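Student: In the order they appear, the protein sequences are chains A and B. First residue of the first sequence: 0, per numbering that gives the first Met the number 0; consecutive thereafter. First residue of the second sequence: 0, per numbering that gives the first Met the number 0; consecutive thereafter.
Among the hints, erroneous ones may be present.
Label-pair restraints from in silico Cβ distances [unchecked claim]:
1) B:109 with A:124: 46 to 54 Å
2) B:44 with A:151: 52 to 60 Å
3) A:152 with B:74: 26 to 34 Å
Rather than coming from a laboratory, the hints here were simulated on the basis of the structure. None of these values were measured; they are calculated from a predicted model. Backbone N, C-alpha and C define an ideal beta-carbon position, used for all residues, glycine too.
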Amino acid sequence: MRPARALGRRAEDLALAGLDAALASRLGTEVVDRVLASDLARHAVARLLEGPLVETVARDVVRYAVLERLTDELADDPELERIATRVLESKLMDDAVRLLLEGEQLWLVVNEVAQSSAVTEAIARQSASFTDQVAGQVRDRSSSADARLERAARRMLRRPPAR
Amino acid sequence: MTVAVREYQGLVTRAIAFAVDAAIVNLIALVVGVGVGLALSILTIHDSLEVVLVAVGGAAFVLWTVGYFVVFWSTTGQTPGNRLMQVRVLGDDGERLRPRRALLRFGGLVLAALPLFAGFLPVLVDDRRRGLHDMLARTIVVRAPQTPAGRRT
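Pulled out of the complex, with its shape left as it was, chain B reads as follows:
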C-alpha cells in the first residue's frame, strides 16, 4: 500500500491563488454593480432610499464574497484561483470541509488579515504551512495536480 505524501503549499503560492480569486470576485461585483447602478439611474430615488440601497449593495457584496469562498471550499475544495495554482483546501484529517468549517475558515481569514496580515506569517514557520485561519478551522492547503483527464487526485 502506498501512502501519498502531502505537499503543503506556501505563502506565495496561496497569495497568488487568493489574488486571482479576489480579482474574480471584484470583477463580477463591479459588472453587477455597474449594471444595477445604470438600471437605477433611470429611476428617481429619494436620498433616504439611496442610503438603504447602498447598504443593501454592501451586504450583497459581503454575502457574495463569503458565499464564493465557502461554496468552493466546501464542494470541490478549490476556488478557481486554487485550481489555477493546483492547490486544494482540506480538513487536517484529509476530508472535504463542511460548510460550517469553511465559514469558520473565512472568518479566520478576515481575522488573519486584520493585524496587517500578520495572521498569515505562521505559514512561513509552521511545519504544515498553516496560517491563523488554518489553525482555527483545522485545515491544510495541499498540492493537487490535475491529471491529464482532468480527474481529481
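With the rest of the complex left out, here is chain A:
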C-alpha cells in the first residue's frame, strides 16, 4: 500500500505544479482574457442574471441574516471602532469639513433644499399644527374658566346652575 500512496502523492504534486505553471503562464492570462471577452461569457452572465439565482441569493441573504451578522461583526470590532475614531479625529477630517463649509457648493445645496416645496410645506405644516395646538389649549382653558366663573356668579346670585 505504501508505494501506491507515495505514487498518488507524487501525481497530486505534479498536477498542482502543472496548474501553477499554467496560471503563471502568458497562455493562462490570454485564455482568461479571451474567455471573458467572448460572447459566451456575456451570454453566461446574462443567463445568470435572468435566472432565479439572483432571487435565491437575495432570499438566502435575508433568511440567514447575512447583513445583520456582518453589521454586528463590524460594529463589535474594536479595531474598526479605533479606525473610525482616528479618521474622525484626524486633521484630514477637519480640513474636509473646513473646505466644505468654505465652499459655495454646500450653501447652494442648503439653499436649494431650504427653498424646496417639500421643506417649506413641511415647515408650514409644523407651524400650523403648533399654532393649532396652542389655540386648542387656549380654547380648552377658556372654556373651563367660563364654566367656573358662571358657577361662582350663579352661586352668588343664588340662581340654579345652568342646564
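Starting from the known structure of chain A, arrange chain B on it as the hints suggest.
Tutor: For chain B alone, kept in the frame of chain A given last:
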C-alpha cells in the same frame, strides 16, 4: 333626524376673541396712521388744517373699527378672533346676521362697555350666555369647530 346641540360661549372665551380682534384693529390702524403721518410730515400744514386732519383720522378709525366687526359678523359670522377661538355670531333663529343687525350689535357692544363693562355681566347668568348687546340685537354666540377640510359646521 339629528338636531345639533348649540354650545353657547362664555365670557372668557369671548373676551379673548375680542382682545385678538382689538389687537388686529389697532395694529392695522397704527401702521396706517404712522404711514400717513410720515407722508404728511414732509408737507407744511397749517394748524387749522391739522385739526381737521386729526378729526378725519379719528372718523376713519371709528369707521374702520365698525366696518371690521359689521362686515365679519354679517358675512362669515366670525371675526379673525372668533375664528381663532372657534366661535360664531348668529341670529337667535340660527341665521346669519344682516348688516343692520350687525351694526345694532356693535352699538350694543359700545353701550355694554360704557358702564364699566357691566353690560357683559349677563353672559354669566343668562341661559344662552347673552350679553346686553346680544339681547338688543337678538344674537347668540355659539361654538363653531373647524373641520379638518376647513368647512363650516
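Student: Now, for every hint given, state plainly whether the structure supports it.
Tutor: Against the structure, the hints:
For the hinted restraint 46 to 54 Å between residue 109 of chain B and residue 124 of chain A, the CB-CB distance of approximately 41 Å leaves it violated. Taking 52 to 60 Å as the suggested C-beta distance range, the pair residue 44 of chain B and residue 151 of chain A conforms, at roughly 54 Å. Distance hint for residue 152 of chain A and residue 74 of chain B: a CB-CB separation of about 33 Å, consistent with the stated range 26 to 34 Å.
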